[in-house]
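Visitor: Below, each chain spelled out in residue letters.
Protein chains: 2
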Amino acid sequence: MRDIVTVDTGHERYDILVGPGLLADPAAWAGLPKAALAVVVSNTTVAPLYAQQVVQQLGTRYARVTQVTLPDGEAHKDWATMNLIFDHLLAEGADRKTVLFALGGGVVGDITGFAAACFMRGVPFVQLPTTLLAQVDSSVGGKTAVNHPLGKNMIGAFYQPRRVLCDLDTLATLPPREFSAGLAEVIKYGPIADMAFLDWIEAHLDALVAREPAALAHAVRRSCEIKAQVVGADEKEAGLRAILNFGHTFGHAIEAGLGFGEWLHGEAVGCGMVLAAALSARLGGVDEAFVRRLTALVRRAGLPVQPPALGAERWLSLMRMDKKSEAGEIRFVLLDAPGKASMRPAPDALVTDVLRAHGG
Amino acid sequence: MRDIVTVDTGHERYDILVGPGLLADPAAWAGLPKAALAVVVSNTTVAPLYAQQVVQQLGTRYARVTQVTLPDGEAHKDWATMNLIFDHLLAEGADRKTVLFALGGGVVGDITGFAAACFMRGVPFVQLPTTLLAQVDSSVGGKTAVNHPLGKNMIGAFYQPRRVLCDLDTLATLPPREFSAGLAEVIKYGPIADMAFLDWIEAHLDALVAREPAALAHAVRRSCEIKAQVVGADEKEAGLRAILNFGHTFGHAIEAGLGFGEWLHGEAVGCGMVLAAALSARLGGVDEAFVRRLTALVRRAGLPVQPPALGAERWLSLMRMDKKSEAGEIRFVLLDAPGKASMRPAPDALVTDVLRAHGG
Numbered sequence: 001m002r003d004i005v006t007v008d009t010g011h012e013r014y015d016i017l018v019g020p021g022l023l024a025d026p027a028a029w030a031g032l033p034k035a036a037l038a039v040v041v042s043n044t045t046v047a048p049l050y051a052q053q054v055v056q057q058l059g060t061r062y063a064r065v066t067q068v069t070l071p072d073g074e075a076h077k078d079w080a081t082m083n084l085i086f087d088h089l090l091a092e093g094a095d096r097k098t099v100l101f102a103l104g105g106g107v108v109g110d111i112t113g114f115a116a117a118c119f120m121r122g123v124p125f126v127q128l129p130t131t132l133l134a135q136v137d138s139s140v141g142g143k144t145a146v147n148h149p150l151g152k153n154m155i156g157a158f159y160q161p162r163r164v165l166c167d168l169d170t171l172a173t174l175p176p177r178e179f180s181a182g183l184a185e186v187i188k189y190g191p192i193a194d195m196a197f198l199d200w201i202e203a204h205l206d207a208l209v210a211r212e213p214a215a216l217a218h219a220v221r222r223s224c225e226i227k228a229q230v231v232g233a234d235e236k237e238a239g240l241r242a243i244l245n246f247g248h249t250f251g252h253a254i255e256a257g258l259g260f261g262e263w264l265h266g267e268a269v270g271c272g273m274v275l276a277a278a279l280s281a282r283l284g285g286v287d288e289a290f291v292r293r294l295t296a297l298v299r300r301a302g303l304p305v306q307p308p309a310l311g312a313e314r315w316l317s318l319m320r321m322d323k324k325s326e327a328g329e330i331r332f333v334l335l336d337a338p339g340k341a342s343m344r345p346a347p348d349a350l351v352t353d354v355l356r357a358h359g360g
Numbered sequence: 001m002r003d004i005v006t007v008d009t010g011h012e013r014y015d016i017l018v019g020p021g022l023l024a025d026p027a028a029w030a031g032l033p034k035a036a037l038a039v040v041v042s043n044t045t046v047a048p049l050y051a052q053q054v055v056q057q058l059g060t061r062y063a064r065v066t067q068v069t070l071p072d073g074e075a076h077k078d079w080a081t082m083n084l085i086f087d088h089l090l091a092e093g094a095d096r097k098t099v100l101f102a103l104g105g106g107v108v109g110d111i112t113g114f115a116a117a118c119f120m121r122g123v124p125f126v127q128l129p130t131t132l133l134a135q136v137d138s139s140v141g142g143k144t145a146v147n148h149p150l151g152k153n154m155i156g157a158f159y160q161p162r163r164v165l166c167d168l169d170t171l172a173t174l175p176p177r178e179f180s181a182g183l184a185e186v187i188k189y190g191p192i193a194d195m196a197f198l199d200w201i202e203a204h205l206d207a208l209v210a211r212e213p214a215a216l217a218h219a220v221r222r223s224c225e226i227k228a229q230v231v232g233a234d235e236k237e238a239g240l241r242a243i244l245n246f247g248h249t250f251g252h253a254i255e256a257g258l259g260f261g262e263w264l265h266g267e268a269v270g271c272g273m274v275l276a277a278a279l280s281a282r283l284g285g286v287d288e289a290f291v292r293r294l295t296a297l298v299r300r301a302g303l304p305v306q307p308p309a310l311g312a313e314r315w316l317s318l319m320r321m322d323k324k325s326e327a328g329e330i331r332f333v334l335l336d337a338p339g340k341a342s343m344r345p346a347p348d349a350l351v352t353d354v355l356r357a358h359g360g
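If you're matching them up, the sequences are chains A and B in order.
Sequential numbering of the first sequence, starting at 1, is according to full-length UniProt numbering.
Sequential numbering of the second sequence, starting at 1, is according to full-length UniProt numbering.
Be aware that a few hints might be false.
Same chains, same label: a pair holds when it works inside one copy or across any pair of copies.
Distance condition first, Cα-Cα at most 16 Å in a straight line; then the derived EDC-like pairs of lysine to aspartate or glutamate [claimed, not checked]:
(1) LYS97 / GLU329
(2) LYS340 / ASP287
(3) LYS34 / GLU326
(4) LYS97 / GLU326
(5) LYS340 / ASP199
(6) LYS236 / GLU12
(7) LYS236 / ASP8
Honestly, the hints are just simulated from the structure, not real lab data.
Put together the whole structure using the sequences plus the hints.
Guide: Take a look at the structure:
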């Protein structure tokens, strides 16, 4: 049993496959780009769990299959780590047809995708996300990047994968903290696009946390559907796509302010959504009851709802570095109504007020 | 008096302006993308000569204009140098609308273009080429890159500039060795696409070397026209565009084999064209008289025609790293006839033979 969600950006088109057992299912691997060499990029945590079955699948399709194992964690999402991939590709005689397979979470996917975008000015790559966050968000839509010491995801490219295989079985090995982090991005789709999905998440959160297969399948598929629709309409974030960053302006500031890797990305986004909802309420887009509802759901998902006390000045200066900022003006994804979002600036005083009210 | 050549890749379109005095001509700067910040990227050699007049032009159009000065030379065309641009952009609070201006030769243009492609996943940039090589080749067509210790231009992107200003006056300050290097890329367009242009170059080489304005204007314009036509038909080098790499497979091996910066890129290409023509003759595409004619012209342009003695094994292994290689098979741009080229493999034995005959 498997769902297929298609992403169509107008000039590129690819499938997201969602289901159990995909990594071991030959049908899921059929029709990928041909090449003499396939390279599996993973990290020290995920490679021991799944690299062998991936290599086995690829072995029947590519003359040569090699592996690169990166250090694990957001703290390593930088140029030096990406260069390990380039060193490997050149040492192995990779060419413009070589296919990269990103096996792991969001960090592996983002680095591998950016490496694929840059190596020889572009080689094909496939996403094999093994975390909930990567399956519902980062592996879909072609945003790739590495961090710069002064800002998250500052250096990157829009570069679409050829396919995304979301094998739900890989979620079984995910530590609870990482699973919760992924739930933040699932919850996100409700307030910005689909209140019926938010209702469903509230009703099925216990089943999700218990990792019941049917609940996981629905959450991943519906998340991918919403993301595919948004990305299809606005691949390069000229406008609409920015709504996918709900909670991310505050979230990125938390990540950068505490040092990348201190809070997980999803944890920062969970808390960031609470702050963004509160800011939206001050501007009249939603009411306080909605903010309380979202806060309760984020808390139930095992995510922090109270921001770190960075101090107002530091918060503002970190958020001014956000990629959505323009001419020094911070722009937030705010809720215009439940299920509807847009990107807008907000007065510094109001932002500071919200932060102060939450202990930030 | 100014010529305009338009590049149209189907989804992007921009003008190359060719003429004297463009850097100081307000009309040449009209209609560029609006932003709060413009950043001029140059190097230690070019900045003292032209940065001031560029900053002056930009000062009337952008609220803030800042400068980054890179170390000069191919040896610095790497990630570390590109990171100087990122550091500057983040320190100055650049955003997604910030416009980069690449003022200098091919190295400055390639690094700045790649930085523009990656910064926040893409900001606009403008090419202000000040060398003959950059004006007739590297600033046009959107190939951007940095070198990797194991290969030239291995890490990069296809990313088009918003405009190219070829101010012919800047060629006056070019050292003779660099001017000759640029002539290699001018000569290149003859054998691959336009034998009438080759005739013209032969007839006007003395005028070109004397840097007579009318001769320079014609050489730059016609080179840009041919390049724009090829790039418009095949932006991402699916096929045709590869012919622009005539002489480059041998040339890149010379550059990498001796260490980047030892020979200038154009010098390596000049010598590489002699070898590629000789290889084409062995395969019947042109006759020996043509090879002698091209060799004489390359020599008259002040370029080396004898390759360094790297040894056959090293030559082949360096060329196997070329981006045009596939599954370990080296592919050359060969002449099918005078004025007509295509990319093809050639037997190792024949390549070795040609190298041996030329003392390589």
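Visitor: If a hint holds in the structure, say so; if it does not, say that too.
Guide: Quick rundown of the hints versus the structure:
1. LYS97 / GLU329: Between. Shortest inter-copy distance 13 Å satisfies the 16 Å Cα cut-off; intra-copy 42 Å does not.
2. LYS340 / ASP287: Classified as within; 14 Å inside a copy, 70 Å across copies.
3. LYS34 / GLU326: between (42 Å within a copy, 12 Å between copies)
4. LYS97 / GLU326: For LYS97 and GLU326, the Cα distance is within 16 Å only across copies (7 Å; inside one copy 38 Å).
5. LYS340 / ASP199: within (15 Å within a copy, 65 Å between copies)
6. LYS236 / GLU12: both (13 Å within a copy, 15 Å between copies)
7. LYS236 / ASP8: For LYS236 and ASP8, the Cα distance is within 16 Å only inside one copy (13 Å; across copies 20 Å).
Of the hints listed earlier, there is not a single one the structure fails to meet.
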